[in-house]
Amino acid sequence: PVVPSENTDPGGARHENLWRQSFRVPETARLRALDQEDGGCRCACLKLAKAVCKLNPSLNRLNASQLTNAILLLCEKEGDWTQEALADRFLQLQRALVGHLEAGRLPCALSPKVNLFCELTLNRKWTSWGIRSTAPLSEPEELLRTAVAQPPHP
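Heads up, the sequence shown is in my numbering, so the first residue is -19 and it goes up one at a time.
Rather than coming from a laboratory, the hints here were simulated on the basis of the structure.
Some hints could be false.
[Unchecked claim] Here are the simulated distance ranges between beta carbons:
| # | residue 1 | residue 2 | range |
| --- | --- | --- | --- |
| 1 | G79 | N36 | 26 to 34 Å |
| 2 | T62 | Q1 | 30 to 38 Å |
| 3 | K57 | V94 | 17 to 25 Å |
[What the hints assert, rightly or not] Using 16 Å as the maximum straight-line C-alpha spacing, the simulated EDC-like pairs for lysine to aspartate or glutamate come out as follows:
| # | residue 1 | residue 2 |
| --- | --- | --- |
| 4 | K27 | E7 |
| 5 | K27 | D15 |
| 6 | K57 | D68 |
Ideal Cβ positions, reconstructed from N, Cα and C, are used throughout, including at glycine.
Put together the whole structure using the sequences plus the hints.
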């Protein structure tokens, strides 16, 4: 399926009919299949990350697809997804998200050319959100903190 996308390109030009392909169904299926293969904690890690993002206003700009892809990418590097490793994998996910935010790039696990943060990086709100690359890993929400005192950029 295709879903509406941000209406601007890198040059700031507006497009009225811009769509991107959605990989939500195959991403979710892949995550579940990996957990079924090894009784892993990937889905639990996703649920935990979604809850943290939902409850923290400074993190609610991260959506389920971005979180799912961050986990799928982490699966390529980390093999131990046992239930006992949930806390470690969640902390790794946190660090990975910080790295992706700092880089302004989160590749789609199923189509690596697609940057799932393109709407963030192309949107001028990126800098007005007060994203700081120096935020400590213990406070990744600082990377998405809304800078209330700053007026929005034109």
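Q. Checked against the structure, which of the hints given earlier come out wrong?
A. Hint 1 is the one this structure does not satisfy, whereas the remaining hints hold.
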